[in-house]
Amino acid sequence: MTIMSYLGAIGAAQREAMEADERVVIIGEDVEANVYGTTGGAGKSRAEEGDFLQMFGRNRIRNTPISEEVIVGAAAGAAMTGLRPIVDLSYSSFLYMAMDQFVNQVAKNRYMFGGQASLPVVFRSAMFYGLNTGAHHSDRPYPMFMNVPGLKIVVPSTPYDAKGLLRAAVDSDDPVLIFEACTLWGTKGEVPEEEYSIPFGVANILRPGTDVTIVAISSAVPEAVAAAEELALSGISAEVIDPRTLVPLDKETIISSVQRTGRLVVADPAHRTCSAAAEISAIVAEEAFESLRAPIIRVTTPDTQIPFSPALEKQLYPSRTTIADAVRTVVGERVMTQA
Amino acid sequence: MTIMSYLGAIGAAQREAMEADERVVIIGEDVEANVYGTTGGAGKSRAEEGDFLQMFGRNRIRNTPISEEVIVGAAAGAAMTGLRPIVDLSYSSFLYMAMDQFVNQVAKNRYMFGGQASLPVVFRSAMFYGLNTGAHHSDRPYPMFMNVPGLKIVVPSTPYDAKGLLRAAVDSDDPVLIFEACTLWGTKGEVPEEEYSIPFGVANILRPGTDVTIVAISSAVPEAVAAAEELALSGISAEVIDPRTLVPLDKETIISSVQRTGRLVVADPAHRTCSAAAEISAIVAEEAFESLRAPIIRVTTPDTQIPFSPALEKQLYPSRTTIADAVRTVVGERVMTQA
Amino acid sequence: MNLSPEILLEMQRRMLRIRRFDERASKMVKRGHIPGTVHTSIGQEAQVVGACMALGDRDYMTGNHRSHGHPIGKGSPLGPLMAELVGKATGVCGGKGGSLHLADFKVGSLGESGIVGSSIPIATGAALSSKVLGNGKVSLAFFGDGAANQGCLYEAMNLAGVWDLPVIFLCENNQYALSTPAHTVTSGVIADRAAGFGMPGVRVEDGQDVLAVYEAVNSAVERARRGDGPSLVEVVTYRFNEHSEGLRLGTDYRDADERSSWLERDPIVLFRRRLVADGIALDDELDELEASVLTEVDDAVAFTDASPYPHPSVAFADLYTDPIGALA
Amino acid sequence: MNLSPEILLEMQRRMLRIRRFDERASKMVKRGHIPGTVHTSIGQEAQVVGACMALGDRDYMTGNHRSHGHPIGKGSPLGPLMAELVGKATGVCGGKGGSLHLADFKVGSLGESGIVGSSIPIATGAALSSKVLGNGKVSLAFFGDGAANQGCLYEAMNLAGVWDLPVIFLCENNQYALSTPAHTVTSGVIADRAAGFGMPGVRVEDGQDVLAVYEAVNSAVERARRGDGPSLVEVVTYRFNEHSEGLRLGTDYRDADERSSWLERDPIVLFRRRLVADGIALDDELDELEASVLTEVDDAVAFTDASPYPHPSVAFADLYTDPIGALA
Ligand SMILES: Cc1ncc(C[n+]2csc(CCOP(=O)(O)OP(=O)(O)O)c2C)c(N)n1
Ligand SMILES: Cc1ncc(C[n+]2csc(CCOP(=O)(O)OP(=O)(O)O)c2C)c(N)n1
Ligand SMILES: [Mg+2]
Ligand SMILES: [Mg+2]
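Protein chains in written order, with my numbering: chain A, 19 to 357; chain B, 19 to 357; chain C, 92 to 419; chain D, 92 to 419.
Hints in this document: simulated from the structure, not taken from any laboratory.
On a predicted model such as this, the values are computed, not experimentally measured, just so you know.
Errors might be hidden in some of the hints.
Okay, derived cross-link-like pairs now, DSBU-like style, lysine-lysine, Cα gap no bigger than 35 Å in a straight line [as the list claims (entries may be wrong)]:
1) A:332 x B:269
2) D:197 x D:118
3) A:206 x D:121
Kindly generate the complete structure, drawing on both the sequences and the hints.
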């Protein structure tokens, strides 16, 4: 074990995957100069993993024009014909530019062609919300991709998960979208020095508990853990679950937790309507209804766009406070029903 | 009142809106030749509303290149500067091409600029699922647009609604996306001869009932009505609600229905994960939990892409049978709990 | 161009296959034997076959909605293609694709796209993989005059230009996109757009001449194979049928005289004349060729008829390599 | 070009406003007074002002992420712009936009776009509305050399071409997109791409000369105003600062000699020399002008400091004209 930042863990996974398989290439804007810190290179300040350009050369480190649509489509075409690209799309807000390629090519090609092709390709992007960058850089668009069958959706919340899930993504023969929360990039944690991968569809129970289940996604995970710690002080025992992958979703772990706790709060930084939280809530309302002893509360970003001003933005995302409040509401109702 | 097809009703609304306001223009591929049947013109066979090109001229009937991204963006820019465009995008599966414009410009501009602009623009598209056209033409992508604050989402299911909601959309100062189910285009119904509009956010109760609430969307509406009729024969009284607009959503009507029936089935032709059905289920699981006497069942299209073969496709969409089965499941549970 | 008689006859054979296959498919649509619709390549066979035969067997290509001809031109057997149009289990995509989504990876056909323009980046990516892997394969993207107004084409041309990718952008300019005449929605000349993206742009004015197309595409392929990068080839041609079978747009949008003058330039008739005139084949031999192609099509239909429909559970297969339990 | 002394001095004033405003903003970012970051137009003032002043007051324009200069060049007062960068209620967008989303509709500024390329279709649409309404307004889209590889530019150029829309596509070629040198990701020459889309393409090689830019854009505006349609103007320039303030990319990607030779071609210094040489203004008068601009910037900061932050509830306003109850 070693201590690594989330960003460093991504760099490490990329380096190991590139060393393990010559067919792995990195494609993206400003990857040569390592502007975002996961490919080593000229901007040394943020590099923890050496200079990828030097290590792997221009044939495998592909610095691109600003052309997201063809970047995504070309990566798909390359994956259909023998490469295993990792595409760095920098900000998640730029994925829309390539939406047609994601939905109509990446997600559908294997299916439409009856399995003649597979698409081993990974798309990384980071969600820059909470940093006062305004509406164009603050999106958290994973729910819309969850609605597209054929994609796998990954939302790591710790350095350990970031490295292990990225490696599993590269090794997967299916297209994977990884959404990183930029606010997590700097967080540090223990990471094995050896290569490892984390299987998709296996949730992580960060904290066991008996009164309520909190399912938290991405940057809401540390907030949920903090809320659980705070709640413990007032005698409320909250179980915190990080699904880690949204497609496939480990609904067994969530359902069995709710079967024990009888209560569910879902904390999700996406916009409320048709969020991942909506999906998780709907699954539980269908499959664990008999166990539910209180309404399911979603703690999400409300359905507004993201404002720039620091006076406006922070309030919008799920926080330890709003999560703890939601828990108190559902637990309070338990007290009422028991009275 | 007169009898009109759904498609004819759309044509009528477009004509009336264009006559009422010179700033209304129609922009789209093949609108000049009326290929899709709502702008009159050369392909007379399907025109019920005369030749728009003759009536309004090339200045207002804008036949475009196949360039969805600039079509959507240009309509947005035109709406910000004095026009009120109706954009015909033909198939809903083509909207992805313009996703960046929808999310980053259409939905955000008014907000980001602090209300300096408004965007009175309507985007029409039709979902061609169920017609053996294969994965590229069969999408039902409204859930992903529901996750984008700033857009209004409309899903008419009858000729009457199609006309009245389209007119309300044109008269709205906000961007509206209308999703038509192609299988409904040919359906006929009573439509007032005079101009009218249907306010957004007001659900339509197609059939009152006491045992279960069925919320149905788009082409699932006639299936739900048929299911309800069939269920009535076995003594089950189902209330069928068509929300008509998904954003804004008339949750009051849905909640108050569930408060009466205690049971909810949601029928939604979209893919299951993060569907409109998920959202409606989550709302009820949060806001009408105390009234619920059974699990909420979603009847959706499963999370697979759409296959071409007639041997494969039909089974996938919500049908009267799958809806009725779901109702029997939740009503059966009532019987059990009562026993 | 010094092509062997075998190759010249193979060109005619493949053009005939496309013609007869699409004629039969058109009938089957009208009789309800093929669900949905099809878009035929009838009239455009020279453009299709000239391009496909300039490619090697292992080279890649992508198509669009009008793409029965492309795999046929590249050498696909007709049976699995026809079975796919009907939605049978023996179809080249197991019935999941249909007319709009044919793909035959065995001949390098990486798939059609029902979404106009959307497959161009895929072909570009195939060229990228050839380049990275150094396997010498070339890639070709077929698209229409209508698709030439999709932005992704220019992103692809630029990317292919800066990376010297071995890809040919082949615009099938049949002068209409559905009901819309190309000249009303195209500013400038498509082939001329190449220059601004740093690559050669060629316009084949007589797209009904299979050899003219072959020659233009062949030099683009040679250039790509040499490592000198991409090219844009625009071929002027004409579709003889309606945009799709069964569609009735009326005739207003295409002038009757225009249509009949193009019908006179039937690429198959023209090439047959030339084969005879140049002494490559006798009339009898060509009659025999035509008959044998008709038999191939009959066999494809018989194969289709004898094939079962896929089991309903097939709707849930092939989405992932590694199935997810999430399907309802 | 026969421009009045008033106009020439106004050019210098606006260039100075941009310079001093952005210098101040840069400091405020570094001190944490402005949240996030800003992208300055320092070094590119001639290109910005030359283009903006060729437009009329009622004409439209759209910007990109590097767009403080654009509204200033078009005549916006500095106070609400500065207040916006800090996120105050008096900001031009009420604090909701920030540096990446300035818009000042009063001067025809329809908004910046943090998404590279994404505002080009908006400018095209504004030109469509001018055309339909016949109001004679012209529209201009500012975008960078990096944005010139986004497909939507070519869709927009084509559409503007076929509809003869009064729009100018103005490429600010500062030779880098973030860390990426334009020549490594651009195949061909940007200005040359115009020809294939049926419109004039001009390359202003000396983008540090405000009059050269003015002249080129002015003829494009005249052409658009006459109803003759769109133009592409590429202006070669250089950003003096880092891509964004506070970012440290190192210097590897830009050669030190290159940078210093461009620093010598400071557009404001060059134009000042010319104003003096041509007898338009005395050194004293220009000193005074500089001082007055500094005061304007001081006033803008004072205005900002004195302004309140928006009330938290403002986060929920302005999404729809007609509020939806759905907000949590
Ligand atoms: C993105 C997208 N927009 C619109 C359509 C509808 N559509 C299908 S084919 C077609 C015309 C295509 O014209 P062209 O590219 O010239 O090909 P052709 O049919 O002439 O061979 C249109 C508009 C589509 N399938 N995809
Ligand atoms: C669609 C999209 N892709 C990538 C980015 C990240 N990004 C912001 S600015 C920039 C460089 C832009 O270069 P250019 O267009 O030349 O403008 P300049 O910064 O040089 O003025 C990039 C890559 C973005 N904002 N939007
Ligand atoms: Mg065509
Ligand atoms: Mg630049």
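Hint check:
no. : hint          : result
1   : A:332 x B:269 : 28 Å, holds
2   : D:197 x D:118 : 28 Å, holds
3   : A:206 x D:121 : 26 Å, holds
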